[in-house]
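**Q** In case you want the letters, here they are:
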Amino acid sequence: GAVVSQHPSWVICKSGTSVKIECRSLDFQATTMFWYRQFPKQSLMLMATSNEGSKATYEQGVEKDKFLINHASLTLSTLTVTSAHPEDSSFYICSARGPSGAYEQYFGPGTRLTVT
Amino acid sequence: QKEVEQNSGPLSVPEGAIASLNCTYSDRGSQSFFWYRQYSGKSPELIMFIYSNGDKEDGRFTAQLNKASQYVSLLIRDSQPSDSATYLCAANTGGFKTIFGAGTRLFVKA
Numbered sequence: 048g049a050v051v052s053q054h055p056s057w058v059i060c061k062s063g064t065s066v067k068i069e070c071r072s073l074d075f076q077a078t079t080m081f082w083y084r085q086f087p088k089q090s091l092m093l094m095a096t097s098n099e100g101s102k103a104t105y106e107q108g109v110e111k112d113k114f115l116i117n118h119a120s121l122t123l124s125t126l127t128v129t130s131a132h133p134e135d136s137s138f139y140i141c142s143a144r145g146p147s148g149a150y151e152q153y154f155g156p157g158t159r160l161t162v163t
Numbered sequence: 353q354k355e356v357e358q359n360s361g362p363l364s365v366p367e368g369a370i371a372s373l374n375c376t377y378s379d380r381g382s383q384s385f386f387w388y389r390q391y392s393g394k395s396p397e398l399i400m401f402i403y404s405n406g407d408k409e410d411g412r413f414t415a416q417l418n419k420a421s422q423y424v425s426l427l428i429r430d431s432q433p434s435d436s437a438t439y440l441c442a443a444n445t446g447g448f449k450t451i452f453g454a455g456t457r458l459f460v461k462a
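Protein sequences, first through last, are from chains S and G.
The first sequence begins at 48 in this note's numbering and counts up one residue at a time.
The second sequence begins at 353 in this note's numbering and counts up one residue at a time.
Please note that a few of the clues may not be correct.
Claimed, not checked - Listed below are the simulated SDA-like cross-link pairs for lysine to any residue, each with C-alpha atoms no more than 20 Å apart in a straight line:
#1 S:K111 - S:T129
#2 G:K354 - S:E106
#3 G:K449 - S:N117
#4 S:K88 - G:S364
#5 G:K449 - S:G145
#6 G:K394 - S:D135
As the list claims (entries may be wrong) - Footprint (simulated), chain G over chain S, 3 or more residues, beta carbon under 8 Å:
#7 89 to 99
#8 153 to 161
These are computed hints drawn from the structure, not numbers from a lab.
Built from N, CA and C at the ideal position, the CB exists for glycine as well.
Generate the whole structure from the sequences, applying the supplied hints.
**A** As structure tokens, this is what we get:
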């Protein structure tokens with residue numbers, strides 16, 4: 048149980064275009080989801096917390112107009128990287144808060160974004 | 353600044369030995385603690401969580417929590433080369449935010 052999927056697993060896009068990444072909880076309902084990015088050999092960096100039916104809460108330094116997050120249902124959150132630039136190339140990982148009440152997170156497999 | 357600290361490693365142990373991974377946290381209000389395993393190029397995978405003082409065992413893994421010392425550890429018995437990964441410790445204060453440590457790299461030598 049507690050499986051989170053993410054799509055696509057990798058994407059290459061041209062500079063200036065937008066990319067949408069989907070995160071789904073497959074066997075549980077996730078009121079809260081999280082979006083992280085991770086550069087090679089670095090630790091996870093929380094970008095934003097997404098709550099179903101309300102606006103996402105962004106971490107300091109993360110541009111909310113560039114990284115659009117929508118959490119329209121209890122099983123789906125999306126991250127759209129708008130006007131992507133090469134410096135946005137990274138590993139984007141979503142997670143969903145699990146159903147146990149202990150605040151554990153289950154991670155999706157990640158999306159590797161390359162902007163050319 | 354709420355922090356979770358881990359030794360970056362690498363921690364190197366021979367196959368079959370016990371690997372001991374340690375973590376300290378700064379926020380005394382932290383209530384739940386988690387260990388994740390992350391293989392290179394992959395996303396983190398939850399190993400186990402603990403919220404009561406003492407030990408919690410799951411297969412070859414034992415998590416230990418000492419709230420007075422603000423210390424969490426993970427023991428891996430009978431370490432295998434497939435256990436070679438980065439292990440992330442995390443703490444949650446009962447709110448929305450979970451603080452992750454930077455991780456300890458474990459290398460199990462065959």
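**Q** Straight-line Cα separation of K449 of chain G and G145 of chain S no greater than 20 Å?
**A** holds (14 Å)
**Q** Do the alpha carbons of K394 of chain G and D135 of chain S lie within 20 Å of each other, as the hint requires?
**A** Judged against 20 Å, a Cα distance of about 18 Å means the pair holds.
**Q** Cut-off 8 Å, C-beta pairs, minimum 3 residues; does the coverage of the region 153 to 161 of chain S by chain G stand?
**A** holds (count 5)
**Q** Are the Cα positions of K111 of chain S and T129 of chain S separated by 20 Å at most?
**A** The hint holds at about 10 Å.
**Q** Check whether the Cα positions of K354 of chain G and E106 of chain S lie no farther apart than 20 Å.
**A** holds (14 Å)
**Q** Taking 20 Å as the top limit, are the C-alpha atoms of K449 of chain G and N117 of chain S close enough?
**A** holds (19 Å)
**Q** Report holds or violated for chain G covering the region 89 to 99 of chain S, Cβ cut-off 8 Å, minimum 3 residues.
**A** Since three or more residues must qualify, the claim that chain G covers the region 89 to 99 of chain S holds, with 4 doing so at under 8 Å.
**Q** Quick one, are K88 of chain S and S364 of chain G close enough, alpha carbons at most 20 Å?
**A** Holds, at about 18 Å.
When each numbered hint is compared with the structure, no violation occurs for any of them.
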